[in-house]
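Asker: Since the structure of chain A is already known, use the hints to place chain B on it.
Line order of the protein sequences matches chains A and B. In terms of this note's numbering, the first sequence opens at residue 32 and continues consecutively. In terms of this note's numbering, the second sequence opens at residue 157 and continues consecutively.
Among the hints, erroneous ones may be present.
DMTMM-like, lysine to aspartate or glutamate: derived pairs with alpha carbons at most 25 angstroms apart [to be verified]:
1) A/Lys231 / A/Asp166
2) A/Lys289 / A/Asp322
3) B/Lys169 / A/Glu253
4) A/Lys245 / B/Asp197
5) B/Lys169 / A/Asp53
6) A/Lys181 / A/Asp167
7) B/Lys195 / A/Glu262
8) A/Lys245 / B/Asp180
9) B/Lys169 / A/Asp242
10) A/Lys314 / A/Glu262
11) B/Lys160 / B/Glu296
12) B/Lys195 / A/Asp249
13) B/Lys160 / B/Asp326
14) B/Lys194 / A/Asp53
15) A/Lys108 / A/Asp90
16) B/Lys169 / A/Glu171
17) A/Lys286 / A/Asp335
18) B/Lys201 / A/Asp164
19) B/Lys232 / A/Asp310
20) A/Lys289 / A/Asp53
21) B/Lys201 / A/Glu324
22) B/Lys169 / A/Asp167
23) B/Lys194 / A/Asp335
24) A/Lys366 / A/Glu307
25) B/Lys304 / A/Asp310
26) B/Lys201 / A/Glu282
27) B/Lys358 / B/Asp313
28) B/Lys242 / B/Asp319
Now the stretches of chain A that chain B is said to cover, found in silico as 3 or more residues with beta-carbon under 8 angstroms [what the hints assert, rightly or not]:
29) 162 to 170
30) 236 to 246
Sample of chain A residues with no beta-carbon within 12 angstroms of chain B, all distances over it, derived [claimed, not checked]:
31) Lys111
32) Arg148
33) Glu277
Calculated from the structure, these hints are not laboratory results. A virtual CB, placed ideally from N, CA and C, is assigned to each residue, including glycine.
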Amino acid sequence: MVDVNKLEFGIETFGDIIANEDGSLKSAAESIRQIIHEGEVADQYGIDVIGVGEHHRPDYSVSSPETVLAAIAAVTKNIKLATAVTVLSSDDPVRVYERFATLDGLSAGRAQIMLGRGSFTESFPLFGYDLIDYDDLFNEKLELYDLLRKEKPVTWSGKFRASLKDQEVYPKTEHGELETYIGIGGSPESIVRAARFGYKVILAIIGGQADRFKPYIDLYHEAAKELNMPEYPVAVHSHGFIADDEDEAIEVAFKNIKANFDRIGLTRGWAPMSREQFDNETKVGSFYVGDPETVAQRIARTIDLLDLGRFDLVYGAGNQTAAQRERMIELFATKVIPRVKEILLEKEAAK
Amino acid sequence: MTIKRVGILGAGKVGIVLAGLALDAGYEVRISGSGSVKKIDLIIKTLVPGAIASENSEVVANSDIIILAIPLSRYKNIDAALLKDKLVIDATNYWWETDGIREEVLAPDSTSSEQVQAYFKDSTLVKAFNHMGYHNLQEETHPKGDPKRKALFVTGDDRTAVDQVAAFVDTMGFDQVIHYDIADGIMTEPGSPLFGASLNYKDLKRVIDHFDQTEFGQKVAASKIK
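Bound-form chain A, shown alone:
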């Protein structure tokens, strides 16, 4: 049963390049500075989490999310500072720990790591890893990260990095443990792995109906029980766009999300998104697009259906203007979130 009072809401950006009003594009540097401003705005409105992605491509501005989060930390008070996601497979777990422990210190305990295998692959050759080790890299590095997270001397050896013997890693955090999620794209093995490590789970639902993930959430809980590990409410992340006017929201989202997906599709060989596919995604699928009421109804349905503890909306996909992005954050915080809670409380009362 969803605990409405404990529900968390987040926004996540992949650091898309922002457009000027005339359609020309801002620089990556300007796009990064805009994210700091958006983090500040989100914090003022009481949004619980901001997540920043890690990409190593020309169409995204952020390759070093902790640096961006550190700047947000300096201008905010309460908002949690997350990555979405940290590509652990091509990173060094020791460095990951150090960067986040530093961010945690800077922000008085607001750092949150989302570890993932990443859905882009540029980071592998960039940092000298072979894609063929995709799975092994993540498994091994997660094991090491898990030891580091305990903040005690670590003795470890593996295939992909130098061994550690009774090694202390610094700084230690104030709460003794970094809050850690594992980001999952829907591979059943990944879900069992997250349960085995006892980490929180955030599911990326970026295509199709949320309904098909219900068995996956059951799987997480069953696996946690069987492995005698802690169970947490599951979080979901999906794309969305909110505007005052329903039709405007749909048109802006179609143009931008389609452009974004098609551009990625080009490099992976999948077909461009058709209008039919897009409309399906916004009506019953995983794009939360529309005016505040429409989006609130659809988010409430997903939270209730999947029994979630947190819902993150991915914003800014494609090349949106700063005004569109900021208005979306404002509407999400001031209209959508309160309305989602209201709908869920009504549902609860009706039960």
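Answerer: Using the frame of chain A, we list chain B on its own:
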């Protein structure tokens, strides 16, 4: 041969979806992962209750048709002799996120299913279920005659086998566009306008019929993959 028992090699996203569809269609379903039964037991029990989690050899021994639903780069991990004399559906694709660099997995001068068929030389291979996204496969099954019904491309060198697989695809909830040439599998490989698309019979057939007019078709012709 009547197909009553479906065996799926691969318990990932695609394998699980196809297991669910086969169960819905009334088949007896066995499924295996890359490791022990224990590793996938809970996954199968929770996601596709009714399917039987088994080892590869058990799946093959007890099934009338086998679906390959593993990452393409791992097909050589399966002993070719294991699938001897079997009717095999190749649902695999080259997918760089899991397979790495194409040249390391596939020879540049032929299509992926030709290479999988060459490896499983004593099996009859038919390519199907490879070009529609797994969540579309899961969500878009419709009974025969339904105007919303989507279509899948089915192709292979053995006519009888292709027709059998086409009939099987029909029971799974999709129309079929049929060719009798495994090399035509290229028409639905990544890069094709059909890869990731979810189309009805008419639209799928139109692209297949005029494949040489697509940008990808022209690229394929120029590189002489076929």
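Asker: A separate judgement is required for each hint: does it hold in the structure or not?
Answerer: Checked hints:
{"no.": "1", "hint": "A/Lys231 / A/Asp166", "verdict": "holds, 20 angstroms"}
{"no.": "2", "hint": "A/Lys289 / A/Asp322", "verdict": "holds, 19 angstroms"}
{"no.": "3", "hint": "B/Lys169 / A/Glu253", "verdict": "holds, 18 angstroms"}
{"no.": "4", "hint": "A/Lys245 / B/Asp197", "verdict": "holds, 18 angstroms"}
{"no.": "5", "hint": "B/Lys169 / A/Asp53", "verdict": "violated, 42 angstroms"}
{"no.": "6", "hint": "A/Lys181 / A/Asp167", "verdict": "holds, 22 angstroms"}
{"no.": "7", "hint": "B/Lys195 / A/Glu262", "verdict": "holds, 20 angstroms"}
{"no.": "8", "hint": "A/Lys245 / B/Asp180", "verdict": "holds, 17 angstroms"}
{"no.": "9", "hint": "B/Lys169 / A/Asp242", "verdict": "holds, 15 angstroms"}
{"no.": "10", "hint": "A/Lys314 / A/Glu262", "verdict": "violated, 31 angstroms"}
{"no.": "11", "hint": "B/Lys160 / B/Glu296", "verdict": "holds, 23 angstroms"}
{"no.": "12", "hint": "B/Lys195 / A/Asp249", "verdict": "holds, 17 angstroms"}
{"no.": "13", "hint": "B/Lys160 / B/Asp326", "verdict": "holds, 14 angstroms"}
{"no.": "14", "hint": "B/Lys194 / A/Asp53", "verdict": "violated, 58 angstroms"}
{"no.": "15", "hint": "A/Lys108 / A/Asp90", "verdict": "violated, 30 angstroms"}
{"no.": "16", "hint": "B/Lys169 / A/Glu171", "verdict": "holds, 22 angstroms"}
{"no.": "17", "hint": "A/Lys286 / A/Asp335", "verdict": "violated, 30 angstroms"}
{"no.": "18", "hint": "B/Lys201 / A/Asp164", "verdict": "violated, 28 angstroms"}
{"no.": "19", "hint": "B/Lys232 / A/Asp310", "verdict": "violated, 40 angstroms"}
{"no.": "20", "hint": "A/Lys289 / A/Asp53", "verdict": "holds, 20 angstroms"}
{"no.": "21", "hint": "B/Lys201 / A/Glu324", "verdict": "violated, 38 angstroms"}
{"no.": "22", "hint": "B/Lys169 / A/Asp167", "verdict": "holds, 19 angstroms"}
{"no.": "23", "hint": "B/Lys194 / A/Asp335", "verdict": "violated, 32 angstroms"}
{"no.": "24", "hint": "A/Lys366 / A/Glu307", "verdict": "violated, 28 angstroms"}
{"no.": "25", "hint": "B/Lys304 / A/Asp310", "verdict": "holds, 15 angstroms"}
{"no.": "26", "hint": "B/Lys201 / A/Glu282", "verdict": "violated, 42 angstroms"}
{"no.": "27", "hint": "B/Lys358 / B/Asp313", "verdict": "holds, 23 angstroms"}
{"no.": "28", "hint": "B/Lys242 / B/Asp319", "verdict": "holds, 15 angstroms"}
{"no.": "29", "hint": "162 to 170", "verdict": "holds (count 3)"}
{"no.": "30", "hint": "236 to 246", "verdict": "holds (count 5)"}
{"no.": "31", "hint": "Lys111", "verdict": "holds, 29 angstroms"}
{"no.": "32", "hint": "Arg148", "verdict": "violated, 9 angstroms"}
{"no.": "33", "hint": "Glu277", "verdict": "holds, 24 angstroms"}
Hint compliance for this structure: hints 5, 10, 14, 15, 17, 18, 19, 21, 23, 24, 26 and 32 are not met, and every other hint is.
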